[in-house]
Each structure stands twice: as structure tokens, then as C-alpha cells.
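Participant: Residues per chain, in single letters:
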Amino acid sequence: MARDGVVEARGVGVRFGGVSALESVDFTLADNELRCLIGPNGAGKSTFFKCLTGMLRPTEGDIRIRGIDCVGAHPHQIAGLGVGIKTQVPSVMNGLSVRENIWIAARRLNTTRSANRIVSETLERIGIADSAGDLVGNLAHGRRQLVEFGTVLAGNPWLILLDEPAAGLTADEAERAVAVIREMNERAAIIVVEHDMHFIRQLANTVTVLHRGRILTEGYVDTVLRDPVVRDVYLGKSQ
Amino acid sequence: MTSRQLVLSVVIAAIVMFVLPVFFDVLNLTTYAAYALLALSLGFVWGYGGILCFGQTAFYGLGAYVYAMTAINLGEAWGGFFLAILIPAIFAAILGAMMFYGRLSDVYLAVVTLVVTLLLFRFMNTTAGPEYVIGEARMGGYNGIPGFPTLHTPGNPDANIYDEELYYFTFIILFVCYLLTRWLLGSPFGRVLVGLRENEQRIELLGYDVRARKTAAFAFGGGLAGLAGCLYANAAEIVTPELFSLGLAAEAIIWVIVGGTGTLIGPMIGAAVLGHLKFVLGLQSIKQVFGKENPLEATLVFGMILVLFVLFLPRGVVPSIQGWFGRSLVGRFKSGSGMRRRTRSERARNGA
Ligand SMILES: Nc1ncnc2c1ncn2[C@@H]1O[C@H](COP(=O)(O)OP(=O)(O)OP(=O)(O)O)[C@@H](O)[C@H]1O
Ligand SMILES: [Mg+2]
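Each protein sequence line maps, in turn, to chains B and R.
Using our numbering, count along the first sequence one by one with no gaps and you end on 493.
Using our numbering, count along the second sequence one by one with no gaps and you end on 359.
Derived by calculation from the structure, the hints in this document are not laboratory data.
All figures in this text were calculated on a predicted structure; none of them were measured in a lab.
No residue lacks a Cβ here, since even glycine has one placed at the ideal position from N, Cα and C.
Check each hint, because a few of them may be wrong.
[To be verified] Residues from chain R that keep clear of chain B, each with C-beta distances beyond 10 angstroms, as calculated:
no., residue
1, 101
2, 126
3, 134
4, 157
5, 163
6, 213
7, 217
8, 244
9, 247
10, 284
11, 306
12, 311
13, 328
[To be verified] Below, a sample of chain R positions facing chain B; criterion: calculated Cβ distance under 10 angstroms:
no., residue
14, 11
15, 195
16, 204
17, 205
18, 208
19, 211
20, 214
[Claimed, not checked] For each label pair, taking beta carbons as the anchor points, the in silico distance ranges come out as:
no., chain 1, residue 1, chain 2, residue 2, range
21, B, 342, R, 150, 56 to 64 angstroms
22, R, 59, B, 278, 41 to 49 angstroms
23, B, 468, R, 97, 48 to 56 angstroms
24, B, 391, R, 141, 50 to 58 angstroms
25, B, 391, R, 318, 19 to 27 angstroms
Turn these sequences into a full structure, and let the hints steer you where they fit.
Facilitator: Right, dumping it as C-alpha cells:
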């Protein structure tokens, strides 16, 4: 099998009982690429995302991350390769402080001393140093999203998977998120699942459109968004 | 834990250790200290690891039995002392691995651990016959095992540690285990464990193997509980299947709830206070107040206490007191620390 991408998915399919959520999806992500995965509600974006992260085992097909067969691997094994993951539903440790959340992420591959340093740097990078000691559960939604970004960043990943990072963010926070993602992209390949068109325009050059579990089209963002078929299935519904 | 906190907790523990015998019987206190160690183990596993174990007494009873039978076979105490930690820890590791690698949900986990305890209860009750013997130690069925060698000065099986000495010994072991658990919680392993309690998926997505870590934490708790069982056996000088009974399993949970989950000191205090309450309720003179045919049942009282706490003080005594005192005092003394420069409120939350 050719190894020309960071992520190589071939013929991936997922069935829930009789319902087919994903069908023969082929997907390749190149080194240092930033790719947006878009599509209407229920298109299968999160399902595909979960196949990549090991949270879901595809019914058929083959997924390789840097050539390593990832079908059936556990999420911690995928993350252990150096993959940073943010799920659609914000997943943070609410009962711990912002600093503790990020520290736990930083500590996996580092000594306590360098983990402490990474925490300070990360807090600065995502701009939440002022709430470092606050309980994450007490923060507003947007800030919790940023904390989750922080946990992803602190692991210094070379591949980052983000499911709807802009959901629930204010315009300011979304702008910050775009900046953070851009910065992360200097060191890592990134897949962003997103709904918000404005956010996608700010972010990506290549987008992949999923529709009813299949890939509808793939291409440069402006071209794709002008495509009448895409406008029909996607923009027609949500805007 | 900073060295100042360490010194402070040593001082407090020493004062408590020397003052208690002024007011209470040392044999009772020894028993309460063993209970407190059992509660510490459950407080760790449940309150910090988020593992709802209804059968922590399985490891406690196992520790007691392992100690008694080893002591009979060896004719001395210390081999049994260490096996009473090791074997329950290994048993917990195996049981834990089956549950965590099998992805058992919390409720099933609670049920499975309880069922294991009750199976041991049933089994130990059926071991009355002479065929149930390991080496020279007969398991004794519902009568249990009496008359095993108790703790003694190492190397000299005739120099027994008993009465006051046994109390001090038990108390010091309890305190050392408390410090050890604090240290563990302050270590990176402990910090990740607390994170895991908060959000298992997040920890997994950060690349930590949740199953292995929970198994390790469960084994540590099992070892502590086993040691508690060994200390109890030395105080009681008999081990019986009652150690695996539903009643004791329930009591251990009540101690932790009343004392407060999410702290270590809370469950320990809960165990000692309720242990004493049970003793007082069991006294013949009190039963007579209520009439011999209608003795005041400890189980009933404990049930009421549990209901009252769940309704009015659901966080337990120690966390509530911490809340009332603005967290500053208690939090400052009793914090685990794996990180630099943690704020006061952070410390209080990880408190006691
Ligand atoms: N666990 C499941 N069991 C059954 N059906 C499921 C399950 N998860 C997803 N589905 C179905 O699969 C389809 C794709 O869902 P998915 O969550 O991947 O959509 P999505 O593109 O992420 O949508 P959204 O934009 O709303 O997040 C949907 O029809 C959904 O109902
Ligand atoms: Mg989705």
C-alpha cells in the first residue's frame, strides 16, 4: 500500500444495525495539510472522525496513520502515536483547574519539570493564563473549548483531529481558535470537522464534503462552496 | 505534600495517637484503626479512582484469612503480615483487570465486587470440614480460625506485640499508609487517576491507558484493605466469615459516605466514629434500655445515618466542614501536590 499520506483511509464503511452511516470513504491527508471536513447534519462526519480516533471500529475498510494500521486500535493507542484529539462534545476534566487539565496532558511524555514549563507556555498560547487556577467546570463554554485545545496542544501532536472546534464560540473566541489552529498547523497535519462556513473560509484551503455517508466532492474551498451540487445539499439547508 | 505539611501532620497524628487512649479502650481503638485503614482504601479507590467498589471487604477478609493461615503454618507473624498485603493486592489486580479490560460499567462493577465478597462469605462458611485445610491451618467454616500467632518483635515469636503496643503499632501503620496514599495522589500517577475520575474519555484521548491505570489503583487499594484485615485479625485474635458479610461491606460504604468521598481523612474519621458508635450500640446496658426483645439494632441506626447524610450532608462531614471554613485552614494543611504554584482553592479541592 502506498504511504504518501499522514492519514490514509480506504473503503471505510460503518453500519449501525441496518443503517449505513458511512460508505466506501477514501480519504488521504498529506503531510502538514489542513483539511476541513464539512457536510450537513447527520452526514457522517463524526462517525468518520470516530473511526480515525479509535472510538469506533469501522465495519469495513482500512485506516492507516503514518502507515500504521489503526483499525481496531484503542483511542489511547492512537493518541499515543502523537495524535491530538478534540471530540464534538467538549471533553475536559470539570472538577480540576485549567492548569491541572493541561498539566495532565503535558506530563504523559515529559518530566514533571518540563510539563510545568509546557503548561505555562500553553496557557499563554491559548490566552487563558488569567484563569489558570479556575475550575474548568466553572468556565463559560467557549473557554472550556479553549482548555480542550490546550490539552491537545500540550501533547505536542503531529496530527490533530478536531470535531467542531468552533461550536458555541463567540466571534472573538472563534478568531482566537482560527489563530491557534493555524499555529498548530505549522507543526502538525490537521483535520477539522466543521459546520460554520465563516470559520471554514477563514481556515482552510482544501475541504472534503460528506453527504449521506459518502464523499460528495473534494477541492479548493472557494471552488467547492460555489459548486451548485454542494450548495444544494449543504448550503441550501443550513443558510 | 511539602515538608512543613509533613511535619505538621506527624505532630497532629502523634497528639491524636497519645490522647485517644486517655478516653477509650486501647483494644477498641486498635479495631477502629483497622477499620480506618479499610476506609482509607475504599476512600482512595472510590473517591479518587472513581471506582465504585461495593466489595472492598473482600480484600479485607482475604488479608485477615491469609494472615491467620500463614501465621499458623509458619509459627511466626511477619511472613503472614506481608502476604496479607501481597495476596489481596494480586487478587484485586486480577479481578480489576477482568472488570476494566472487560469495560464493565460502574453499576455492574459495584455488583460484581459485592457478589465476589458474598461468594467468599458463602465459601468460607462451608469450610468447616477437615478437608478444608491449607498446611496445618484449618479454615474452620463459620467458626473461623482462632488461636493463630499474633504480631511479635521481628525474629522473636515469643515477644508478642499486644494491648497498648498493638494499638500504637496499628495506628502508626495507619498513618504511614495515609502518607503513602497522599504521596501517591500527589505523584503523576495520582494526578492522572483523579483526571480519570473526572473524565475517563479525555484521559484516554490524551494517550493514557485507562484500563491499566485503574487496575493498578484497584490493586493498591486491595493491598491496603488486606493490610487492614491483617491488623484487625491481630486485634480480634480470630478471623471469621463475618468479615465477608453483607453487613460489613455496607458499613464500609457508609463510613466513606459519612466521612466524605474525595478526601482521605474523612473516610478514616467516619470509620472510627461509626465503629465506636456500633460498639456503644452493641453494649448490653443500652439494649436493656430498649428492652431485650427489641434491641436497638446497629444496622437500623446505620441505615438511618446513611439516609440522613444522603439527604442533608451528601458530601460527607469533612468536605462540608472544609466548605464552611472557607477552605483555607483545612486545605492548607492537607494538600497533595504534584505541581508548582497551585492556588489555595486548588489545594482545598484536592484537600485532606
Ligand atoms: N451510535 C449510533 N447508533 C446509530 N446511529 C448512529 C450512531 N451514531 C451516529 N449514527 C447515525 O449516523 C449518521 C451520521 O452521524 P454523525 O454523527 O456522523 O453525523 P455528523 O455529520 O457528525 O452530524 P453533525 O453535524 O450533527 O455532528 C446519523 O444519521 C446518525 O443518526
Ligand atoms: Mg458530528
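Participant: All hints are to be evaluated individually against the structure, with a verdict given for each.
Facilitator: Hint check results:
Remark: the non-interface label on residue 101 of chain R is consistent with the geometry, its nearest Cβ contact in chain B lying 21 angstroms away (cut-off 10 angstroms). A cut-off of 10 angstroms between C-beta atoms confirms that residue 126 of chain R is not in contact with chain B; the least separation is 31 angstroms. Residue 134 of chain R, annotated as away from the interface, keeps every beta carbon of chain B farther than 10 angstroms; the closest lies near 41 angstroms. Once the 10 angstroms rule is applied to beta carbons, residue 157 of chain R is consistent with being away from chain B; the minimum gap is 43 angstroms.
No beta-carbon of chain B comes within 10 angstroms of the beta-carbon of residue 163 of chain R; the shortest separation is about 44 angstroms. Against chain B, the non-interface label of residue 213 of chain R is violated: not every CB pair exceeds 10 angstroms, the least being about 5 angstroms. With a minimum CB-CB distance of about 7 angstroms to chain B, residue 217 of chain R fails to clear the 10 angstroms threshold, and the non-interface call is violated. Every beta carbon of chain B lies more than 10 angstroms from that of residue 244 of chain R, the smallest distance being close to 43 angstroms; the non-interface claim holds.
A cut-off of 10 angstroms between C-beta atoms confirms that residue 247 of chain R is not in contact with chain B; the least separation is 40 angstroms. Annotated as non-interface, residue 284 of chain R keeps its C-beta farther than 10 angstroms from every C-beta of chain B; the closest such distance is 31 angstroms. For residue 306 of chain R, the shortest C-beta to C-beta distance to chain B comes to about 33 angstroms, beyond the 10 angstroms cut-off, and the non-interface label holds. No beta-carbon of chain B comes within 10 angstroms of the beta-carbon of residue 311 of chain R; the shortest separation is about 30 angstroms.
Non-interface call for residue 328 of chain R relative to chain B: holds, since the shortest CB-CB distance, roughly 19 angstroms, exceeds 10 angstroms. Contact between residue 11 of chain R and chain B, as hinted, is not supported at the beta carbon level, the nearest pair being about 20 angstroms apart and thus beyond 10 angstroms. With a least beta-carbon distance of about 5 angstroms to chain B, the hint placing residue 195 of chain R at the interface is held under the 10 angstroms criterion. Hint on residue 204 of chain R holds. Least Cβ distance to chain B is approximately 8 angstroms, under the 10 angstroms limit.
With its C-beta approaching chain B no nearer than about 4 angstroms, residue 205 of chain R sits inside the 10 angstroms limit, and its interface hint holds. Hint status for residue 208 of chain R: holds, given a least beta-carbon distance of 5 angstroms to chain B, under 10 angstroms. Residue-level restraint check for residue 211 of chain R holds (minimum Cβ-Cβ distance to chain B is 5 angstroms; threshold 10 angstroms). Given hint, residue 214 of chain R at the interface with chain B, holds; its Cβ is 4 angstroms from that chain's nearest Cβ, closer than 10 angstroms.
In this structure, residue 342 of chain B and residue 150 of chain R meet the distance hint of 56 to 64 angstroms, their C-beta atoms being roughly 60 angstroms apart. A hinted range of 41 to 49 angstroms holds for the C-beta pair residue 59 of chain R and residue 278 of chain B, which are about 43 angstroms apart. For residue 468 of chain B and residue 97 of chain R, the Cβ-Cβ distance of about 52 angstroms falls inside the hinted range of 48 to 56 angstroms, so the restraint holds. In this structure the supplied range 50 to 58 angstroms holds for residue 391 of chain B paired with residue 141 of chain R, their Cβ-Cβ distance being about 51 angstroms.
Under the hint 19 to 27 angstroms, the C-beta atoms of residue 391 of chain B and residue 318 of chain R, about 24 angstroms apart, fit the expected range.
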